[in-house]
Structure formats: structure tokens, C-alpha cells
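Engineer: Sequence:
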Amino acid sequence: FTLGTLYFAATLCVLIAPSEANDPFRLHDDLEARFNNQILAEYEAFYVYEHMAAYFSRPDVGLLGFAKFFKEAANEEVEHARKFTDFINKRDGRVVLQHVMLNSDTAPMKYDSVKDAIDLAIAKEMHVSRLIKELHFRASQLNDAQVSKGHLTLRDMKFFETTKRRGGVGDRSD
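FYI, in mature numbering (1 follows the signal peptide of the UniProt record, and there is no 0) the residues of the sequence shown are -21 to -1, 1 to 153.
For the record, the hints were derived by calculation from the structure and aren't laboratory data. Virtual Cβ for every residue (Gly too), placed ideally from N, Cα, C. Possibly wrong hints are sitting among the right ones.
Cross-link-like lysine to aspartate or glutamate pairs, in silico, EDC-like; alpha carbons within 20 Å at most [stated by the list, open to error]:
#: 1; residue 1: 47; residue 2: 29
#: 2; residue 1: 112; residue 2: 2
#: 3; residue 1: 62; residue 2: 104
#: 4; residue 1: 112; residue 2: 9
#: 5; residue 1: 62; residue 2: 98
#: 6; residue 1: 69; residue 2: 2
#: 7; residue 1: 62; residue 2: 113
Across the chosen pairs, the derived CB separations fall in these ranges [what the hints assert, rightly or not]:
#: 8; residue 1: 91; residue 2: 55; range: 24 to 32 Å
#: 9; residue 1: 44; residue 2: 113; range: 31 to 39 Å
#: 10; residue 1: 8; residue 2: 39; range: 44 to 52 Å
#: 11; residue 1: 16; residue 2: 94; range: 44 to 52 Å
Go ahead and model the full structure; you've got the sequences and the hints to work with.
Structural biologist: Pasting the structure below:
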């Protein structure tokens, strides 16, 4: 081996396995914390929507269309949390799952109307979306192109708003 070959090999090793401090692909610690908070928010939304689905499925409530809608929304939230988990892992970050703590304000035992449930769902979606926007803003400040160029939108807001305008009237069938 020549000195040039050893220098090239050493340089290649540094490029392939850089330290965490110098790795441009490693997730910044602040973004990692924000992604972990986002995962928590997604699981909180899952619990809220799953609770709503269970409530609307009860025989004494019987709003199966709303139950189906909220069950699908709950499943989406779990999928989002998993995608964030995968992203953190791909960026050599650490996933820290936190306890989901709900109270009677975020997951009441009953709803006076469908409108109340929809208002709560809209508030939850706005919270989750605000966190995503803040995460993207911080990523742009840190010049993290992989995060800042991504886009996530408020989904199903049109449905929520239309249903709210109708006074929470929904069908009782699947």
C-alpha cells in the first residue's frame, strides 16, 4: 500500500461512516425531539379518534357512518406515527415513545352531539398540523432539505366543516 492509497481509504471510511456530529444525513437533535413529539401527537389523535369510533358504534348511539369515519381516521394516525418512526430511523435518529395521556376534555365519555365530536376532531387536526408546520419551519432554519421540502396537509377538513355546518347530522348506516 502506498501512502496515497491509505489516505484515500481513510477518507472513504470517514465519508461512509462519519461521526454523528459531522454526519449531514443525521437528524438534528432538535428535529429529532420535534419528530418524537409529532409521533406522540399522532398517537394522541389515534386514541381520540378510536374513542370516537367506539362511542359512535355503541348500540345506544348507533351512528355507524361516523364510527366508520373515525375508525379510518384513527388508522391513518397510526400510519402517520409509523412513517415518522421510519423517517427518524432512516436519519439515524432515536425514537422515544412517550405516554399518551388523555383526559375528559380530549376524550369525553359521551358527546352531546356529533357536532361536539367534530369540533374536537377539528381542534385535534389543527394541533397536529400546527406541530407539523412548526417542524417544517424549524427544518428550513436548519437547512434540512429532506424535512423542509416535505408537505403534509390538513385532511378531511372539508368533510368536518360540511358536517359541522349541517349540525352534525349523519347517517346511521355503514
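Engineer: A separate judgement is required for each hint: does it hold in the structure or not?
Structural biologist: Consistency of the hints with the structure:
1. 47 - 29: holds (10 Å)
2. 112 - 2: violated (25 Å)
3. 62 - 104: holds (17 Å)
4. 112 - 9: Since the Cα atoms of residue 112 and residue 9 sit roughly 15 Å apart, the hinted pair holds (cutoff 20 Å).
5. 62 - 98: violated (26 Å)
6. 69 - 2: Status holds; Cα separation ~13 Å.
7. 62 - 113: holds (18 Å)
8. 91 - 55: 24 to 32 Å: holds (26 Å)
9. 44 - 113: 31 to 39 Å: Once the Cβ atoms are compared, 34 Å apart, the range 31 to 39 Å for residue 113 and residue 44 holds.
10. 8 - 39: 44 to 52 Å: holds (49 Å)
11. 16 - 94: 44 to 52 Å: violated (29 Å)
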